[in-house]
Amino acid sequence: MSESPSSSRAAFVLAFAVLYIVWGSTYLAIRVSVATIPPFGMAAVRFLIAGGLLLGFLLARGGPRPTGRQWVINTVIGAFLLLGGNGLVVWAEQFIASSVVALLLGATPLFFVLTEWAWPGGSRPQASTFAVLLLGFAGVAWLAAPWEGEANGGYPPIAMLALLGACIFWSIGSIYSRHAKHGADPFTASALQMIGGGAVIGVVALLHGDFARVDLAAITTRSWVAFVYLIFIGSLAGFSAFVWLMKHCPPAKVATYAYVNPVVAVFLGWLMLDEPVTSRTLAASAVILTAVAIITVQKNRKTA
1 MSESPSSSRA AFVLAFAVLY IVWGSTYLAI RVSVATIPPF GMAAVRFLIA
51 GGLLLGFLLA RGGPRPTGRQ WVINTVIGAF LLLGGNGLVV WAEQFIASSV
101 VALLLGATPL FFVLTEWAWP GGSRPQASTF AVLLLGFAGV AWLAAPWEGE
151 ANGGYPPIAM LALLGACIFW SIGSIYSRHA KHGADPFTAS ALQMIGGGAV
201 IGVVALLHGD FARVDLAAIT TRSWVAFVYL IFIGSLAGFS AFVWLMKHCP
251 PAKVATYAYV NPVVAVFLGW LMLDEPVTSR TLAASAVILT AVAIITVQKN
301 RKTA
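Numbers 1 to 304, taken from the working numbering, label the letters of the sequence shown in order.
Among these hints, one or two may not hold up.
Computed beta-carbon distance windows for the label pairs [unchecked claim]:
id, residue 1, residue 2, range
1, Trp-224, Pro-120, 40 to 50 Å
2, Val-203, Thr-290, 35 to 45 Å
3, Arg-222, Phe-267, 10 to 20 Å
Since the hints were made in silico from the structure, they are not lab data.
The beta-carbon is built from N, C-alpha and C at its ideal position, and this holds for glycine as well.
When you get a sec, could you build the whole thing from the sequences and use the hints?
So this is what it looks like as structure tokens:
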């Protein structure tokens, strides 16, 4: 889909700036918040508050009340994006540095290609695209290093699998959001997805025992600040910008956030949390981001 002619250039620049910088910073905020707040409970409350505030604001300004169909479709999208895509990330960041998480999720555009191919009516990627995908997934394997034990610099396998699952769920939810016909404007859709997705995460939090394990006295000031940042900046600003861009830009252009966010996240993780950046991490991330850049350029040429 070409960019909407009614949308100003300034709006696109602002939306992409928010997507690049804000989402890059959320990995750090998540890492800090889950240090003393149970992960799924934190994510559920985060999105329920952010979605409720946004929907309340839209209704107060005279916006239409969402229909039942809009609630159902956007809850499904929210479940893929926020439970599968974000909830697994939040859980994994208990065990893996925010910078490594961001670098691994930088491979998400590779999963976009496979998801678009598998989608009804999707076209088979060219041989050159398959070669680039293999390069990108080789970088993912190098970064994850499943052959390395945790004592030798490896990462918990279950947490790495959760992150790969997050890439898949996020890709499915993103592509489905472009095909779903619900009639809601992008900001209303964003609010419904956060509320619906937050409610689904809340069910998982109950089953996971997160709410029962909450100890308000044990939550640090740093975690509270990070939590508030995730609500107002990460969700209200960042997620809304993503949903708006997905409605006005080709997915390949929106997916460029995947190789800007990791740079922001690695820098902030190193600066704020003293997270180590190893030579293997740098080399593997270079391979991943090179593959993502090639894929993005190829897709932009097709949509130009």
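Now for the hints, and whether the structure bears them out:
1. Range check, Trp-224 to Pro-120: Cβ separation about 45 Å, and the 40 to 50 Å hint holds.
2. Take Val-203 and Thr-290: their Cβ atoms lie about 40 Å apart, and the range 35 to 45 Å holds.
3. Between Arg-222 and Phe-267 the CB atoms are about 19 Å apart, so this pair conforms to the stated range of 10 to 20 Å.
The structure is consistent with each of the numbered hints, conforming to all of them.
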